[in-house]
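> Sequence:
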Amino acid sequence: MKVYRTDEIRNVVLLGHGGCGKTSLVEAMAYVSGVTNRMGKISDGNTISDFDKEEQKRGFSIGTSLIPIEWEKAKINVLDTPGYFDFVGEVEEAVSAADAAVIVVSGKAGVEVGTEKAWELCDKYNLPRMVYVTEMDLDDASFRQVVETLRAKYGKVIAPHFMPIRENEKLVGYVNIIKNAGRRYTGIAEREECEIPDYCMDYLQQYRDALMESVAETSEEFLDRYLSGEEFSVEEIRSAMRTEVMDGDIVPVAMGSSVQAQGVANLLSDIVRFFPSPANRECVGMNRKTNAIYEANYDFAKAKSAYVFKTMVDPFIGKYSFIKVCSGVIKGDDVLYNSDTDAEAKPGKIYTMIGNKPIEVSELFAGDIGAIAKLNTTKTGDTLSTKNTQLAFAKTEYSVPYTYMKYVTKAKGDEDKVSQALAKMMAEDVTLKVVNDTENRQILLYGMGDQHLEIVASKLASRYKVDITLEKPKVAFRETIRKKSDVDSKYKKQSGGHGQYGHVKMTFESSGDLETPYVFEETVVGGAVPKNYFPAVEKGLQEAVAKGPLAGYPVVGIKAVLYDGSYHPVDSSEMAFKTAAIQAFKKGVMDASPVLLEPIVSLKVTVPDDYTGDVMGDLNKRRGRVLGMTPTAGGKQIIEADVPMMELYGYCTNLRSMTGGRGKYEYTFARYEQAPNDVQEKEIAKRAAEE
1 MKVYRTDEIR
11 NVVLLGHGGC
21 GKTSLVEAMA
31 YVSGVTNRMG
41 KISDGNTISD
51 FDKEEQKRGF
61 SIGTSLIPIE
71 WEKAKINVLD
81 TPGYFDFVGE
91 VEEAVSAADA
101 AVIVVSGKAG
111 VEVGTEKAWE
121 LCDKYNLPRM
131 VYVTEMDLDD
141 ASFRQVVETL
151 RAKYGKVIAP
161 HFMPIRENEK
171 LVGYVNIIKN
181 AGRRYTGIAE
191 REECEIPDYC
201 MDYLQQYRDA
211 LMESVAETSE
221 EFLDRYLSGE
231 EFSVEEIRSA
241 MRTEVMDGDI
251 VPVAMGSSVQ
261 AQGVANLLSD
271 IVRFFPSPAN
281 RECVGMNRKT
291 NAIYEANYDF
301 AKAKSAYVFK
311 TMVDPFIGKY
321 SFIKVCSGVI
331 KGDDVLYNSD
341 TDAEAKPGKI
351 YTMIGNKPIE
361 VSELFAGDIG
371 AIAKLNTTKT
381 GDTLSTKNTQ
391 LAFAKTEYSV
401 PYTYMKYVTK
411 AKGDEDKVSQ
421 ALAKMMAEDV
431 TLKVVNDTEN
441 RQILLYGMGD
451 QHLEIVASKL
461 ASRYKVDITL
471 EKPKVAFRET
481 IRKKSDVDSK
491 YKKQSGGHGQ
501 YGHVKMTFES
511 SGDLETPYVF
521 EETVVGGAVP
531 KNYFPAVEKG
541 LQEAVAKGPL
551 AGYPVVGIKA
561 VLYDGSYHPV
571 DSSEMAFKTA
581 AIQAFKKGVM
591 DASPVLLEPI
601 VSLKVTVPDD
611 YTGDVMGDLN
621 KRRGRVLGMT
631 PTAGGKQIIE
641 ADVPMMELYG
651 YCTNLRSMTG
661 GRGKYEYTFA
671 RYEQAPNDVQ
681 EKEIAKRAAE
691 E
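In the working numbering, the protein residues as written are 1 to 691.
You can take every hint at face value.
In silico DMTMM-like cross-links for lysine to aspartate or glutamate, where the CA-CA straight-line distance does not exceed 20 Å:
{"#": "1", "residue 1": "K664", "residue 2": "D609"}
{"#": "2", "residue 1": "K179", "residue 2": "D202"}
{"#": "3", "residue 1": "K604", "residue 2": "E397"}
{"#": "4", "residue 1": "K424", "residue 2": "E54"}
{"#": "5", "residue 1": "K531", "residue 2": "E521"}
{"#": "6", "residue 1": "K559", "residue 2": "E515"}
{"#": "7", "residue 1": "K636", "residue 2": "E666"}
{"#": "8", "residue 1": "K412", "residue 2": "D467"}
{"#": "9", "residue 1": "K346", "residue 2": "D333"}
{"#": "10", "residue 1": "K379", "residue 2": "E428"}
{"#": "11", "residue 1": "K474", "residue 2": "D450"}
{"#": "12", "residue 1": "K302", "residue 2": "D333"}
{"#": "13", "residue 1": "K664", "residue 2": "D450"}
{"#": "14", "residue 1": "K459", "residue 2": "D314"}
{"#": "15", "residue 1": "K379", "residue 2": "D342"}
{"#": "16", "residue 1": "K586", "residue 2": "E681"}
{"#": "17", "residue 1": "K539", "residue 2": "D564"}
{"#": "18", "residue 1": "K289", "residue 2": "E344"}
{"#": "19", "residue 1": "K424", "residue 2": "D414"}
{"#": "20", "residue 1": "K586", "residue 2": "E538"}
{"#": "21", "residue 1": "K484", "residue 2": "E521"}
{"#": "22", "residue 1": "K156", "residue 2": "E213"}
Derived from the structure by calculation, the hints contain no laboratory data.
Construct all of the structure, not just a fragment, from the sequences and the given hints.
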């Protein structure tokens, strides 16, 4: 592949609901542009972008893939993203590297939740966008319905510039609204002029009027001409549209069929024509040496720098760090410095990727996207620059995983293999997290949803040949006391020669501080217990609070006072006093009305207004206390509630089901509270059965 200058590059992310046709569209783009000589099918598992075995098995995208396409003297770096919400981290990676977005909408399914989420992402990252309505070859697809729904949601910015010509329920051509002319498909990327059918005229006039109105608003001169009834030339319309698309004032709507590769050539031309090159986008970092703002702005004349926006770890082809060049021109023999890890590396070779196929290139200009192999000390979010000009670019904000399950290895001795495999998968997937919960002797796997975790387990089996079972995690309960107890505990053992003797009298009561396991005081008078044994008593407490006598959970909020006891001049030892203290603790806690405490989280649920009643009702069923609601942008509400941690198991799936995928939630640990009697009894019984 030849080297492209910054102004010849377009970085485009494909966004949309799961199953709307993004991967099929990429396949058609690759075919029409000559990257491939035959179109693959998702059902056959042979598309360029869904190269992972797991994707082929399931028939949908799991990761973002890069497919560079050469079209009209430009290079379009197409980033094909997953549509399912469990893989939002992959989407966020792609969006952070893109300069514009094509939102793909199924002409059959219409505007879906994924369409709305795609629009919100474009707003967040300030991305120019266009909408592409696919599946127009299907008899029940409706371009008009999609346009009307989009207009109702997003207003006058929606501007169709193509509309379908259909005969006998088939897509046979299109009307170019800019040129006010009909075209009939004659072959791949080929068409001929034709008459505009009468049935298209009504909507054509509506769409054209809306488009001309938008064009007129780009300048006073255009507005005067428009009001005086003057026509704009095709070039004037396109030039005005480019300005408006870049500013977000127009969102063009095109259409076609990926299966028939119809409308795809027009889309590629529109991407080159209307979307900005990186040279039109800002890119600002920080000079680590001077702490000054560094305006990289994709200027190829400045010092070399690149941002690592994605990592691919493949057992067969190795590790690739995907980079977007922020400034300068990066070549294989450059020495790149990673200031995040204080390490230097010489890439040796620079690649562009076509799916999982690396294609070597001699250099990458500022704004281009490529990949470097075997950067072992580099991870997603790092900045590569030179040692003379050490730069750092802001790290992308990724969604936080809140769904978790514990995992258990099926084969004994596989723990290390699983741990190493998960480390590789976490390097690749920014929304996957492993937490070792030593307190409950479990390892927790965090992801964006149940499907995400299930696919992780499946990948471990297929890629790394290790099997795990996902199970419901244990909740980190605590134990404490509500009353005061007074205990006399004596440990006495005679076994020939020196015996063991330790005797303590202690009181136990609540300290009022649930953050601290215990507070130890001694008020011994007259040397009943020598001072040198006080540390042994405290050591006994320290050991005992780790596993409470009620249900084996850590104990918190205890105040223990050693006020008396006795010792033996020969048989007493630290060990004996430590054991006596442990015995005293167990009896003292059980005598002081022990209770289980459960973790409570502060939950924030963001949902459209229509779903607030359902969500609040569901939170009440989960023993949640709703604290209030705050209206937020886009007709949504943030519901705040305190909810027991154990009641949030499976909440991700439930919330998506209740809100049609529109709801999202986050939580932070708040405090511990006394668990209700029924919860406490179940937990004690469960622990007793496990022992």
